[in-house]
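Participant: Sequence:
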Amino acid sequence: MITVKTSELTGIALDWAVTEAIGEQHREDAYRKKYSSDWRDCGTLLERFRIDVHHEIGGWLAHKDLGFIGAANDLKIAICLAIVGWKFGDEVQIPASLQEAN
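Using the working numbering, the first residue of the sequence shown is number 53, and each one after it goes up by one.
Everything labelled a hint here was simulated from the structure, so no lab data went into it.
There could be a bad hint or two in this list.
[Stated by the list, open to error] 25 Å max Cα-Cα, derived PhoX-like pairs, lysine-lysine:
| no. | residue 1 | residue 2 |
| --- | --- | --- |
| 1 | K57 | K86 |
| 2 | K139 | K116 |
| 3 | K85 | K116 |
| 4 | K85 | K139 |
| 5 | K116 | K86 |
| 6 | K86 | K139 |
| 7 | K116 | K57 |
| 8 | K139 | K57 |
| 9 | K85 | K57 |
Computed from a predicted model, the values in this text were never measured in an experiment.
Take the sequences, apply the hints, and build the full model.
Facilitator: Written out as structure tokens, the structure reads:
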């Protein structure tokens, strides 16, 4: 495991961290959830976790209960960052292989 800044998570590393944050089981097969890139997976998080979103010049901001603010050009990524940051804070531990895969 390695420690990375939540705000720097992308791709499968971000999807893995979201799965950890929401307490779901990890899957290594083709059915792995793609929270950061697929609205079918990410959309349910908005309602389930009551994420607030705002569009600002330059991108999207997302947060839960005015906590960690996820900021990204893509709304799905901002939502994912907000959830991971809400659960783990500014840093999160992920498997080293995931960071290398991005």
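Participant: Hint numbers the structure violates, sorted upward?
Facilitator: none
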